[in-house]
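S.K.: Model the placement of chains B and C on the given structure of chain A, informed by the hints.
Residue strings, one per chain:
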Amino acid sequence: MSLHTETIASLRRKLTAKEISPTDIVQDLLKRIESVDPKVQGYLRVNAEAALQQAKVADLNRPLGGIPIAIKDNINEKGEDCTCASQILKGYIAPYDATVTAQLKAAGAILLGRTNMDEFAMGSSTEHSSFQKTSNPWKLDHIPGGSSGGSAAVVAANEAIASLGSDTGGSIRQPAALCGCVGLKPTYGRVSRYGLVAFASSLDQIGPFTKTVEDSALLLQAIAGHDVMENTSRTVEVPDYSASLKQPVKGLRIGIPKEYFGEGIDPEVAAAIKKSIDWFSAEGAEIKEISLPHTHAAIAVYYIIATAEASANLARFDGVRYGHRTSTIGDPLTIYCKSRAEGFGPEVKRRIILGTYVLSSGYYDAYYNRAQKVRQLLRRDFTNAFQGCDVILTPTAPTPAFKVGEKMNDPLQMYLADIFTIAVNLAEVCGISIPCGFSSGKLPIGLQLIGSHFQEGTLFRAAHAYEQAHDWYKQRPLL
Amino acid sequence: MAGLARLELNADETEKFQKQLGNILEFVEALQKIDISSVPDAAIDCSLTTNVLRVDEIRPSLTAEDVVRNAPKSSNNLIIMPKIVE
Amino acid sequence: MQYEAVIGLEVHVQVKTNTKMFCGCKNEYGGEVNTHVCPVCLGLPGALPTANEHAIVKTLAAGLMLGCDITPHSKFDRKHYFYPDMPKNYQITQYDCPFCVGGGVVLEKFAFPKDVQKDEQALAQKKIRLIRIHLEEDVAKSFHFEEQSGIDFNRAGTPLMEIVSEADISTPEEAFAYLTTLRQIMVYGGISDADMEKGQMRCDVNISVRPVGQIEFGTKTELKNLNSISGVRRALQFEIPRQIEVVSKGGTIRQETRRWDDARGQTTVMRVKENAHDYRYFPEPDLLPVRTDRGLKTEAEKMIPELPRQKKERFMRDFGLSDYQAEVLAQERALADYYDDAVKSSTQGVLIANYIINDFLATEPDLGNLPIPPSHFRELADLVGGNKINSKQAKEVLLEMFESHKQPTQIVSEKGLEQVTDTAQLEAFCDEAIAANEKSVADYKSGKTGAINALKGFVMKKTKGQANPAVIDEILRQKLQ
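Chains as they are written, first to last, in my numbering: chain A, 1 to 479; chain B, 1 to 86; chain C, 1 to 481.
So here's chain A without its partners, still in its complex pose (with noise of 0.2 Å):
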């Protein structure tokens, strides 16, 4: 029995008709992790007993019944560990489930492990985790992208069924993308923040990891919808998602942004690309050139609002309640200090430093007030936009994925890769990578759809009609 390899509705098949049963499904992805996430380091905990308990217990009736699925370390499980990656947190129990947690607990699904992210999901390499590297299950000496870099490689390599990550500013879908599966960011306020530790609160949303874009709207359809736990999330009402898969692509107008077009885009990615384009006109979809004027702003907007409100939400990281404390002697204020130097990596206090700059006191009118109102350009950009297209277009990242330790050196990709993914963040709407191709190396490339404010719907139309023609999803890394 290979269940490691099916999804989730192909396993529901087989659970309903009493083919298999749950405690099977466990069995065979544990031993599939067993073999393969010594190279590909995507866990940083697999609950193997508790797994099989609730594999025991798991009721078929649910949506997601008997179903394992894998969670980024920044989501809150009761009863377990929740590191987000950094030494801070390291040995930290959580008392209580985020939302998502609760929800698919109540779908009935199995919570298999914990997946490895960088450090408080800062970073877009997976580099950063404080713990362990995590290997993209394609090239194992290439980074999985990231933050949800452990999330993506686990699906990727069929250790996990599926899995949940986060995105702040691409965190889902660029490690989709890289690895080489489907990750969706729903619009901001589709699914309950509580429970994930908060870096941008603002920006950050919780979004699944599947092999296929129907895996994709069976999880959604669980988590997605109001928590009276959470203001920031929309009473707006959640649909049917699965029934938009069946919806066809003609006449879907595909807008494509100038702005994210052009130098700098690896020409394997831009030919891949382009052929995606080509298959949408053929099957009757109108395709539009759009323009998003604003994109330029973006980074500078992202970064001064993504660092300043992570600043503030990291400030809680003290070493008082829970944490790491240094064991240095001293008042408050040394234990304040030291405990965080020793806690935090590099990168997130680079990211403190950065936004506790950008709210000094003199500087909030022209930092953190003037991005806010920039953003707000940003968001008119897409509103207009969708005024005359159903869904966006482009590269979910301008390279596949590079190899672990080197960087990006041209300013232009690094922008790029910046460009396509935080702007959706800052729009508030959603977007999902899809395969579509692979590089000459054997290596996944990414296709984004944006859709507009709770469209997810129509992503799903569009994303799964495209990937149902092609045979990427059928791919699997050889591991």
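Keep in mind that a hint or two might mislead.
[Stated by the list, open to error] Stretch by stretch, here's where chain A covers chain C in the computed footprint (C-beta under 8 Å, at least three residues):
1) 84-97
2) 208-214
[To be verified] Think about it this way: if two alpha-carbon atoms lie no more than 30 Å apart in a straight line, the pair counts; the simulated DSSO-like pairs of lysine-lysine are:
3) B/K33 to A/K90
4) B/K73 to A/K258
5) A/K18 to A/K90
6) A/K78 to B/K73
7) A/K78 to C/K141
The set of hints was computed from the structure by calculation and includes no laboratory data. Bear in mind that the values here come from a model prediction, so they are computed numbers and not experimental data. Where a beta carbon is used, it is the ideal one built from N, C-alpha and C, also for glycine.
M.R.: Chains B and C only, in chain A's frame:
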């Protein structure tokens, strides 16, 4: 900045971060050039959703054991710190 | 050279609600340590706030009672500083869009300390202007031991109103009156119990002195550790002369925070005020803005009771009470409501007031749990007003009421106190008295009007003291004409 952020930095880090603060300044300059005259000046954007407020009904709390469980030092269900001088 | 004091008060009032400001933990004083704590008020990773609607409504009500303008579009902000009693190391508060703006507190005579109520300042009806009222969350509580401190997060997250006054206060007694009035309004409106000993109302004082006539303010000091309203008065009674002494000798006041030591009766330096703390305020991204003009203000308006001042005026106008009586009854809401219940539509308002003030209050009843149904006082007053019993008997009934809580009519019949009103019976007794007291009758008819008292006494004895003396008097006079 490090003081405000309650982060003790070594000499290396201090130098590195000073440089990066310079980068932020570039961003900020870029932002100054953008015309925001069309964005309303109000401190609050009330075109957004407002007034999602919580009903004043008691919800279960954590137990005292849960509260102190993750604390580096606790005693008699209090979280312990070195003496705080006011 | 004459100096004057310029005083402003910053008062924090804990709002009385079921739950805390940003989470559903119980809002209660004195629980077992760390038993009213959740991920939100403990500042655990991933926890997020949700604003307590009732706390907001009560804050708006407080603002309305104090004559403030209610801000239509409001929000919460983060205020950053690191301290062990701060779970998130930022406090959710309001920076530039407070719920209430302006307003003021009028200082009435009875709000002043008893020993100065006849002074000019107590009669001036001075209005202390408010700057603003905003809503925020309270911090945790620290217990200090020898080598370490222990933190209890029960109090963390309690809804806290901050009321900031203009520097309109000039004397320690005005400060006393201001706080007393503020407290009364909070209790009256059900906003807060405002008990300073329980930390439900806390006060920081900013005080400076300047030569009379000068417009610029002098350097101010901040006073802390003021644990009672009279403590505030005492602290100012010390600090004002202290500052005047320094300044009049040519010295300068340092901007510092001073701690009031009530036992020693002095203020001492706590810390010198460094440059203003950088709180790095920015709007709270986890909470949506709040529009008070979409129903919240209306709800607050419904909550507002008749205020002490209005009650007092009504008592004097509708029931004919004196200034003093109305003041006493209007002071505490529980007592005022009780009095209203007692009087209802009776015409004996003054009498009832007398019974409650002179007799009932002397027994020191628990105002939160008054043992005697208010209607009993009305019943008693009606008995007296209808001449069923006389005022001397009423006192007897009162004593019995307080002890046994029985109804007055029941007591009267049990004790057989019913005044004899049967005119025929009284006439008969009067005839008897006349017949039995020939000498007194003769004296009376010859001009010694005092002689009638012997006859009255005879009748009273016959009625066992249960006749209305005035009625007997009238019957006798008629018969003796």
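S.K.: Each hint: holds or not?
M.R.: We went through each hint and held it up to the structure:
Look at the segment 84-97 of chain C against chain A: 5 of its residues bring a Cβ nearer than 8 Å to a Cβ of that chain, three or more, so the hint holds. Requiring three or more residues with a Cβ within less than 8 Å of a Cβ of chain A, the coverage given for the segment 208-214 of chain C is violated, as only 0 such residues are present. Restraint check for B/K33 and A/K90: the C-alpha separation of about 44 Å exceeds 30 Å, so the hint is violated. Using a Cα cut-off of 30 Å, the hinted pair B/K73 and A/K258 is violated, with the two alpha carbons roughly 57 Å apart.
For the suggested pair A/K18 and A/K90, the alpha carbons sit about 41 Å apart, so the restraint of at most 30 Å is broken. For the hint linking A/K78 to B/K73, the alpha-carbon distance of about 21 Å falls within 30 Å, and the restraint holds. For the hint linking A/K78 to C/K141, the alpha-carbon distance of about 27 Å falls within 30 Å, and the restraint holds.
In this structure, the hints that do not hold are numbers 2, 3, 4, 5, in rising order.
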